[in-house]
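Hey, can you work out the whole structure from these sequences and the hints?
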Amino acid sequence: MARLEPGQVHDADGRVVWDADANAFLDAPCPDTVHPGLWRQSQLCARQGLYRVADGIFQIRGLDLSNMTLVEGDEGVVVVDPLMSAETAAAGLGLYREHRGARPVSAVVYTHSHVDHFGGVGGVTDGGVPILAPSGFMENAVSENVHAGPAMSRRSVFHMGAHLPSGPEGRVGIGLGQGASSGTVTLIAPNRTITRTGQEEVVDGVRLVFQLTPGTEAPSEMNFLLPDHRALCMAENATHTLHNILTLRGAKVRDARVWSRYLDESLHRFAHDVDVLFASHHWPTWGTENIVAFLTEQRDLYAYLHDQTLRMMNQGMVGSEIAERFRMPPALERRRHTHGYYGAVSHNVKAVYQHYMGWFDGNPAHLWEHPPRESALRYVDCMGGLDEVVRKAERYRDEGDARFAVTLLNHAVFAEPGHRKARETLAAVYDQLGRGAECGTWRNFYLQGAAELRGRTPEGPSNTGLMGVSRGLPVEQFFESLSIRVDGPRAWGEAFAIDWVLTDQGTTYRTQLSNGALITTENPRADEVGLKVTLTRRELPGLLVGRLDIAHMDTEGDPSLLDRLLGLLDPPDYGFPIVTP
58 MARLEPGQVH DADGRVVWDA DANAFLDAPC PDTVHPGLWR QSQLCARQGL
108 YRVADGIFQI RGLDLSNMTL VEGDEGVVVV DPLMSAETAA AGLGLYREHR
158 GARPVSAVVY THSHVDHFGG VGGVTDGGVP ILAPSGFMEN AVSENVHAGP
208 AMSRRSVFHM GAHLPSGPEG RVGIGLGQGA SSGTVTLIAP NRTITRTGQE
258 EVVDGVRLVF QLTPGTEAPS EMNFLLPDHR ALCMAENATH TLHNILTLRG
308 AKVRDARVWS RYLDESLHRF AHDVDVLFAS HHWPTWGTEN IVAFLTEQRD
358 LYAYLHDQTL RMMNQGMVGS EIAERFRMPP ALERRRHTHG YYGAVSHNVK
408 AVYQHYMGWF DGNPAHLWEH PPRESALRYV DCMGGLDEVV RKAERYRDEG
458 DARFAVTLLN HAVFAEPGHR KARETLAAVY DQLGRGAECG TWRNFYLQGA
508 AELRGRTPEG PSNTGLMGVS RGLPVEQFFE SLSIRVDGPR AWGEAFAIDW
558 VLTDQGTTYR TQLSNGALIT TENPRADEVG LKVTLTRREL PGLLVGRLDI
608 AHMDTEGDPS LLDRLLGLLD PPDYGFPIVT P
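The number in our numbering is simply the position in the sequence shown, starting from 1, with 57 added.
For the record, the hints were derived by calculation from the structure and aren't laboratory data.
Careful: at least some of the hints might be erroneous.
[Said to hold, decoys possible] Okay, the calculated beta carbon distance ranges per label pair:
hint, residue 1, residue 2, range
1, Gly550, Gln100, 55 to 61 Å
2, Gly151, Glu322, 35 to 41 Å
3, Phe417, Gly550, 32 to 38 Å
4, Pro86, Gly624, 39 to 45 Å
5, Asn248, Asp627, 31 to 37 Å
6, Arg157, Val259, 17 to 23 Å
7, Arg157, Ser377, 50 to 56 Å
8, Asp630, Gly599, 55 to 61 Å
9, Arg460, Ala608, 57 to 63 Å
10, Asp627, Arg157, 47 to 53 Å
11, Leu101, Asp364, 26 to 32 Å
Here a beta-carbon is modelled for each residue, glycine too, at the ideal position from N, C-alpha and C.
See below:
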C-alpha cells in the first residue's frame with residue numbers, strides 16, 4: 058500500500074537505528090560475490106512498507122528484522138509482534154495510521170519470546186491494554202535476552218553481520234530479514250497468558266484461537282487463527298526458509314521432532330479452513346491449496362531432518378559425519394521455502410545430534426582436549442612451524458579445499474595472533490567461503506571473521522537495551538540477572554544480606570551472598586540484615602547499574618554494602634575475541 062519515505066528511522070538523538078534505503082543495491086542483478094539464492098531472498102525481504110494481507114489485516118514489513126501485523130478491531134487495532142525497537146515500531150504504526158486512520162492500539166500479542174517480537178512494544182503502547190503471550194514467555198525472554206545476553210550479543214555481530222557494510226561485498230541480509238534495528242529495546246510484561254491450545258480470546262472484537270507450540274522455534278511460542286478473517290498466523294514456525302534448530306548466535310537447542318508435530322497439528326486443525334497464512338517474517342501465502350502444500354512441506358522438512366539424523370546417529374555416525382552425508386529429498390529441494398537462507402542443513406543436523414547426545418561424541422580422545430590456543434600451539438609445532446602451516450594451507454586453498462585451509466590457518470592464527478600473513482590468508486579464505494554461501498548467517502560469519510582479522514573489531518553496545526528490558530522484568534528475574542554476574546571466587550569470603558523494600562509493590566526481596574552465590578528470597582523472615590533499602594520498582598535497575606545514588610535513598614544500616622555488592626559484579630564483555638584467542 059505504501060513505503061516509508063525516506064526509509065530511515067532515527068532515535069531521539071537523531072541516530073539512524075534502521076536504514077531500509079541502504080538495501081537499494083539489491084535492485085541490481087546478482088553479482089558474483091553473492092549466492093544467487095541468497096540474493097533473491099534478500100531482494101524479497103528488503104521490500105518495505107505497509108501491506109494489506111486481507112480485509113482488516115495489515116503488515117509492516119522490511120522496517121526491522123521481523124514483521125509487525127495489525128488487525129483492525131471494533132475501536133482500535135491489535136498489534137502482533139511490535140518489532141525489535143520502539144523507534145521502528147512507532148514508525149510502522151505511524152505509516153499504518155497515515156493510510157488507515159488514527160486508530161488507538163487496543164491490544165498487543167507477543168507470539169513468542171525472541172526480542173525482535175516484543176522489543177518495540179514501547180513504541181506502540183505504554184501499557185494499559187491487554188497484552189497476550191504464551192505460557193512461559195517472561196522466563197524464556199529473560200533467559201535468552203538477559204541471562205545470556207552479552208555472549209549472544211557478541212555472537213550476533215557475526216550472525217547478523219551487524220558491522221559489515223551493506224552491499225555486494227558485505228551484508229546482503231540474513232535470509233529471515235535484512236538485519237536487526239539498533240534502537241531502544243523495551244518490554245512490557247504480558248497481562249493475559251495463553252495456557253492451552255484451543256483457548257479463544259476476544260480483544261476489541263477480534264476473535265483469536267490459539268495453538269501453543271512450546272519447544273519449536275522458541276521455548277515459548279504460539280500460532281493463532283483469526284476465524285472471522287479466515288486467516289492463520291504461524292508466528293515464526295513456518296516461514297519461507299529452512300529455519301534454525303540451533304542458531305549460530307547461540308540459543309537453546311530446538312526440538313525438530315516437536316516442531317514437525319506442531320506443524321502437522323496446524324495443518325489438520327486450521328489449514329483447510331483459511332484463505333491466507335501469514336507469519337512474523339517474510340510474506341503471506343494465499344489460497345487454501347497453497348497453504349496446505351506449504352505447511353505439508355515445512356512439516357516434512359523438520360521431520361526429515363530429525364528422523365534421518367537419528368537414523369544415521371544410531372548407525373554410529375557423529376554429527377559432523379551425518380552433516381556431510383545428509384541429502385534432502387529432491388521434492389523438498391525444489392521448493393524455495395525449504396532452502397537454508399537462514400538455517401542450514403549442515404548446522405541443523407549437528408543441532409539435532411546435540412539435542413540427543415550433547416557435545417561429546419563418545420570418542421575418549423575428545424573427552425579432555427586442550428582449549429583452542431593450547432591445541433593450536435601443539436599442532437603448529439607438529440607441522441613444522443607457522444610458516445610451514447601457512448604454506449600448506451595455501452596449497453589446500455589452491456587445490457580447492459578451502460575448508461581444510463581454514464582449519465590450518467585458524468591453528469596458525471591461534472598459535473601466533475600477530476602473524477600477518479596467517480591472518481590475511483585466513484581472512485581471504487573466509488571471504489571466499491562467505492561469497493559462496495547461500496545461508497545469510499554463514500555469509501555474515503565468514504565476512505565478519507575476515508573483517509575482524511583485518512583489525513575491524515566492533516565496539517560493544519551500551520546498556521540501553523538491557524535497561525529497557527530490565528524495567529519490564531519481574532523483580533526475582535531481575536535479581537537473577539545480577540546473580541550470574543557475581544565473580545564467585547572474589548565473593549567466597551563475603552557474607553551479608555540486603556533487603557529491598559519496594560513501596561509500589563508492597564513486597565520485600567532479600568539478596569544474600571552465601572558461598573559465592575547471590576540468593577534472592579521474596580518476603581523473607583524478619584531477620585536482621587546489614588542494609589535495608591526502600592525504593593520503587595522503577596528505581597531498582599538504575600540503582601544497581603550506577604545511574605542512581607544510594608545517598609538519595611531511604612536506607613537503614615550500612616550503605617557501603619551496596620558498593621561491596623556492585624564491586625563483586627563482573628561487567629559483561631560485549632567485544633570478546635572470537636576469531637583470535
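Item to complete: Compare the structure with the hints numbered earlier in the document and write down the numbers of the violated ones, lowest to highest.
Response: The structure breaks hints 4, 8; every other hint is satisfied.
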